[in-house]
Structures are given as C-alpha cells and as structure tokens.
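Read top to bottom, the protein sequences are chains A and B. Take the first sequence: its position 220, counting from 1, is numbered 220 in this note's numbering, and each next residue is one higher. Converting from the second sequence to this note's numbering requires adding 288 to each position, the first position being numbered 1.
If you're looking for bench data, these hints aren't it; they were derived computationally from the structure. Just so we're clear, the structure is a prediction, and the values are computed from it rather than from any experiment. Possibly wrong hints are sitting among the right ones.
[What the hints assert, rightly or not] Only pairs whose alpha carbons sit at most 27 Å apart, straight line, appear in this in silico DSSO-like list of lysine-lysine:
(1) B:Lys314 - B:Lys355
(2) B:Lys485 - A:Lys79
(3) B:Lys467 - B:Lys485
(4) B:Lys467 - A:Lys79
[To be verified] What the simulated footprint calls covered on chain A by chain B, stretch by stretch (three residues with Cβ under 8 Å from a Cβ of chain B suffice, anywhere in the stretch; the number is not a length):
(5) 29-42
(6) 62-74
(7) 208-219
(8) 257-268
Where a beta carbon is used, it is the ideal one built from N, C-alpha and C, also for glycine.
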Amino acid sequence: MTQTSRGAWLMAPAVLLLASMLILPLGLMFMDSFAPRGLHGGVDWPDDLVAYFRSGDFLQNYASALTTTFLAILWRSLKLALLATGFCLLLGYPVAYTLAMHLPGRLRSLALLGIAIPLWTSFVVRTFAWVWLLRGEGVLNNLLEWIGLIDQPLALLYNEGAVLLGLVYYELPFMILPVYASVERLDKRLLEAAADLGATPWTAFWRVTLPLTRPGVLAGCALVFVPAAGQYVVSDMLGGSKVALVGNVVQNQFFGGKNPPFGFALTFLLTAMVLLLVALAPNVVKEK
Amino acid sequence: MTLLAFLFACTGGGSATTEPPAAAPKELHVYIWTNYHSEDVVKRFEEKCACKVILDTYDNNEVIEQKLQAGGVAYDIVVPSDYMVLSLSEQGLLTELDEAKLPGLPHLDPKLDWQKTSGAKRTGVPYLWGTAGLAYDTTQVTGVVDSWSVVFDPKNKNRVVLLDDMREVFAIALKSAGKSVNDADEADLAAALTKLKAQKPLVLAYDSSDFAGKLQGGDAWVAHGYSGELASAARESGGKLKYIVPKEGATLAVDNLAIPKSAKEPELAYQFIEFMLDPDNAAETTNATGYATANKDALPKIKPELANDPAVFPPPEVLANCEMIKDLGEATPKLDAMWTELKAF
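Bound conformation, chain B alone:
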C-alpha cells in the first residue's frame, strides 16, 4: 500500500478493502448531574444499542435551562428536577413523550410519578430522587435531633452550613413555621426573612457544593444539604455523622429523564429511558450513586444498607411532610430581593 493510499484509508475517505464502509456508531449525548449514573449500566446500554454515550455533567438546574434556551447544543437526554421539567415544558423545550414507546413506565412508584398524578403532559420520566434535609456531627450536637430547630440553636454559632440556594434556605424557615415551601404570601416570606436574618450569625457558610466536606472536616457541626451526598458521608463516618429529614418536612426533588426538542437521536433516547426503567438497571444505579430510585420494582434488588437507611428512603410519615419545589413565577423577584437583603448585611 502506498503511503497516499494508507492516509486515504485512515481518513475514511476511501476504502482499500472491499468491505462497505461501516457506519460510525450513533452517539447519545447525555447531560446529567455529577455522580448520578452507574458506569456499568451505561456501558451495558452502549453494548446493547451499539452506540456511544457521551456524558456531560452539571450541578445546577438553571444551567440546563440556559443551555436549552440559548440553543446550539444537541443533548439527547437531560435530567432536570421536577420544577425545572415544568418550566422547560412550558417553554416548549422538551419533547412530549410517547408512552407507547416506554413499556417500562408501570415499574415507577405512582407516588413519585408526579407528572402522571398531576395529570400533566408527560415530558419527564422519574429517575432518582432525594431530599434536602440536614446532617449533624453527633460528637458535637447532643440530644434528640429530629427538627429544623437545631439550625436555629445559638449553641451552634458559626457551625451551621446552609445551601447557597434561596428556595432551599427559605424552605427551612417556611417549614419551621408550618408553611408550604411554595408559599408566596408576602407576609409569610417577610416573617421567614426575619427568622433567617436572626439566624445568620450561626451560619459558617452558605454552600451548595462542599456542604458535606465542611461537616466531615470538622468546621461545621450541622449541614443542610442533599440526601445523596450527606447520607453517604454519614454511612462512611462510622456513626459520627447522621443524616435526618426533619419532622417538619423538607424539600423533595425528583430528577427526571427527558428528551429536549433539539435532540438529534430521539429514538435512541427513548431506548435509553426504557433501559433505565428496567428494575435491575434502576437498582444498580441506586447502588452505585446512593440516591433513591423512583422505580418500585427495583426496591427488592437494592443493597440492604441503602434500602434500610431512613436517610435514603425516609419513613412514610416523614415523607408525607415533604414537598417538591414549584416555580414561583411572578413572586420570584420578590424572593430574590429578600435573598439579596439576607446576604447584604
């Protein structure tokens, strides 16, 4: 073979052999939260569908929204939380899913299949879910801890980490007052702000990324954060750290597999969602990530230390007080002004 022919063959421009040129494997672009999938499950999907899965990660719902609004990106699967699915659907950015192509849907826990219960169009398929509760250091915080009151206890001055997220932080104050996390009443929000301003001296930092690290490192005694990370930090700590969902309730987030309208490989995306609905694959995903699955038929296959951990799967009476965050619409700037005020002084 001459050098030229060799180069030509390498570029795929021509074939020196008689085989017909093999089509390049299809690519599925998945935009997903950090630490939110099982490598093995994804690998098996690649083998089954003879395709290549390209994962890209984010740690903030709003980033998906911005990317899809701006256009120019071709993700086939995105994994937004419940409220973001609604917001994206209303903006016409998600494909309305054809349930006939997803025969695995009945595996889902009806209580967590929130779009079905609310009678909305299906644009997302519940994948994993979690709560935003609190974890604490049992060597520093003693006594019974089952309530948000520990966040307001002056004994924990400069030892409390709260999420750097206005909805989650206001949810603490609203839940403590027995209100809904989606309460947009001005007087209720003003009361919540007063409570949070008085609590600010107890705050070590508002942090949405390293909340578990600050607790593990010993700087914080109480950390408000997402169950996935905090519960696994608690399991690894050998009893030093403990994660709870306070009895007043907390926010609950269901993350959903969805197909953007701009997807290049929608059929492959359907296959991916169906593959993830399989109870074995769903159980393996939970076992790998530590996040609870929305798949009820996967529960028996989950490893016992996760299945019996109330931090991952809270008891029904606690779960009854938990709520999903909904978009506040017109009230958002009002809440943002209060959040800025909390941060200003």
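Bound conformation, chain A alone:
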C-alpha cells in the first residue's frame, strides 16, 4: 500500500461524514434557495421547471433580499460581529499572553479550566444571567442605586450595546484559546536574542511576538467573527428582539414567515459575505 492510498483510506471516514452531513445538505439548501415557497411554508417547486427558470422567477428570493431593510440588517450584523471580534482581540490577547508567558504551570491549568468552565453551561442560561444582572431592577442597577451613583435605573438592557456585550462575552474564550496556543509555542529564545540585540521589551513584542503569534490571532478572529455574524439568541434575549440580526430574519422564515426558500437565500448571502471577509482579512493584515 502506498503512502497516498493509505492516506486516502485514513481520510475516508471524515470525508464521507463531511460529504453526507455538510456538503449534501448545503447543496440541497442551495438548490431550494431558488424555489418558490409553498402556501403553508415549505418548498414548492412548480411543475413546469423550464418555464420557471426561463421567467427568471428563480432569482426572486435573492432579489427580495436586496432591499434597504435587509441590507441595513446585514450591515448591523457584520458591524456587530466585527466590533465583537475587535473587543475579543483587545481583551483576549493580554489574557492569553499573560497565561502563556507569566503564569506558573499549575495556575495556568487552573486559569485555562476557568476559561473553559462557562462553556459547559447552556448558553441560554448564561445569557439569562446577564438579563438578571442588567435589567432595570437587576443586580447592577440596584447596586448603583444603593451606592448612590444613580437615582434612576440605567437602560443597560435591550439595546445594541447589550447585544455587543453578549457577543463579546460568548466569543471571548474562542479568541483566548488559539492565541494562548500560539504564544505558548513561541520560542522564548527569540525574545532573549531581541533583548541582547538592544530591543526594548515593547519593540520585541511588536517586532517578534506579535508577528509570530499572527496565526493564532487570525484563527481566533475567524472563530469569533463567523459565529458572531450568524448569532440570533443574543439579539433576542439581550436586544429584546428590537435589534434584529440576519440570524433572526432567517429564523423567522422557518416560523411565522413561512418562507424557507427565502431563509435559504439569506443564509447563502450571509455565508458569501462572511467567506469573502474571512478570505480577504489575512491579506489586509499582511500588507500592513
């Protein structure tokens, strides 16, 4: 058995799984994104397919997505996802760096465990905890009133800021973990060499550490940005459903909107946007 054929056999289960559980459903969804909706929801292909495609009606789902309303929602989703990625990087990098560079082994394991533990709890439950903290009669407002800093509860919940907070809170571990891995793998002798050659710690960080941990940063950014762009639970619970994201519009197509083909079309538009951004981002960073 040659190396290549052995490799092919080893990969076969994963390839089969991906093909049957990802590519096939995605393909079916893509096909159905060109279909008309059934009267009671569902997908309802017309009998005369040739006439349907000739008439150009098959593009209707994509056409109706290109309205100012939808573009405004798409813009908000991408904006919030980008902001969440930025905040996660700002907050997550120092944490990952300190963990990998300055904490002794045992403390480091404990800290990593601490970062992972919240992920064991249902996301909805953790989001509800934020509702209890931030609501008008909630913990934070009561505390501030008790201290005497405010006399009217602050509107901390049900706005875009609360949605952003929720996104950052949820995605932060996914930034810390890959960055931590890349900082930890960094050859510390390079930093000693930089210091020997007269670099200040700050210069060494900018010229050595940051460029060498770039793969971790990029992986973290992708892991944060992609799910954040498709989120819908956070905007329901912390945004009071007033701050609609693409995910919410897609979800409604499978419930009250009763228009799955339109939901599929929206999904593919979002996927295309996200892929484009993720593909372009590393080049932009490199050129800088």
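Got chain A sorted already, so can you dock chain B onto it with the hints?
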C-alpha cells in the same frame, strides 16, 4: 435460578414463570403546550386505559407543523391552535375525526366549536382557549385602562412589552384602527406598520416567553401577552397587576386536540379526547392551568376565582370583538417583509 436464566428473564426474552408474558402497556404520545394539562386528569386516564401517557411540550404552533411535515415522529395527540389546525388539515396531516367515537362533543360551547360552525371537516376538538390582551401595573399606569391606546401612550416609553410574533403585534395596530386581525389589504397593513414603527421607542422588548416575568419584575409597566399566564400573574399579584381584553378586541385562540395521520395509537387517542370532553375532567384541567375551557358543561364546576375572573372568561360584549387568527396565505411574505422592516431600524 442461575445467573443466566435470571438475566434472560430480565430482558423479557423468556419467562421463568408459567405466566404468559404480559403485553407492555400501550403508550400514548401527546405533544402539548407547556403548562397545558392537569397531572391528575392525565394520571386518571392512564389508570382507566391501562396505558402510559408520554408528554412532550412546545411553545410554538409552527414547531408542530415542522415536526409533522418532516415526518419520523409518532405523536398520537397534538394540540394546535385554530389556524394551525386548518393549515395542517389542508396539508393532509390530521385525521378526519369520526364523531360517532366522540359522544362527548355536545358538551362543547357551540360558539367555540369553530370547525362545526364553519361547516369544515372535523379534525380538531376544542380544548382550552384564551385571548392575547394586555396586563398592566396599576401602581405605574393610572386612570381607566380599557383600550390598546395605553400601548401607544408616550408616558410608557421603554416600558411596554409586546409579543415577539408578527401576527399578534400587527393585530394590535389593526384592531386599534377598527380593522380585522386578518386584514391583508396592503394599505391597511402599511398604515399599521407606520403606527408600529412610531410606537417602537415605547417598546422595552418583543418577547413571547417572558412577558409576564418582565411585568412582575417591574421593568415593564404594560405587557401584551396570553391570558393564561398574564391572568394568573394578575391573580397572584394581589391587585398590583391587572389583565384586560381591550374594548377594541383582541386575538382569540382556541387550542384543539387533534390526531395526526401518522399516529400509532389512534384508538387510544380517541379515548383520550373523549376523556378530556368529560365535564369533570375539563373543569379540573381549567382549575389546574388557569386557561378557559371550551366545555360549557364544565363551567359550573370551575373554581369561583377563575369562573368570575373577566380576564379568563371575558364578558360577551368584549368577546364579540375578538377574532381568531387565520392563515394569510399569499400575503404572508408581504407581512413578513413589514415585520422585518419594523425590526430593522
């Protein structure tokens, strides 16, 4: 008994005793709204029919539709609302019921037995019903509250909770303008959208699950929601909260027991429906859930605090303005686009 024989007996594969193997009790799979049944009544049914009732819950009509469309689930009883019964029937997903097997049908209030009045095929048996009105905090909202206008009052800025449901929210604007909740006229819907967009700054949140909680917690002063939960929140509040059906009218939902075509135990399902039609069982179900029963002969057996509560059983003149939501068919995407627009900005 050897270990092997013991294990064999445990698996039911063979019997060490001379008794014939007892048939496993039949199972009735019921898919029902959260907090929508009386445990005691269900237990009595299990004893009577020597069967096991397996309950599974949902909080959204569309979930039933999706599950039945997708197939692969075997529910014997589902409890869809009126418009969903029609939609499921048209898709051929519900069994047309044999009325001869349901001698308890005359117990139903003819006004609420909507399939019978409309002359449609019977695919559902009315079970419980409720309205989507509003509850308010009497310590914050003063004066006479009997109309939807309180939802549009700028004094309640950021203090109003509306259901996160496009049909229910548009129903408020349509009813306020004296239109039907099933109005699909583009100009009327556009006018409703304008009204709702102007009202959005007053909205604390659109929420279909925790509307009562937000009112009880003090964050909201006015909550639009389902009578079952809001009326019980009002009863528990000791007068602080009050539920009303606005005089312009509201949506009314009748939930129905129905048997999917894919049911495994249709005969047992018939027995279940007949059992629920019994006035004693119907009254107990209302007493346990706080939702109004569609069973007129059960009314005398309902506990007075529920029977005399206009929030649970609204007066006839208010009820006359209430309507059931009907599927909008072709107009649904139009309304959905407006709903998205309301949420977008």
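Run through the hints listed earlier and report the numbers of any the structure violates, in increasing order. 4, 7
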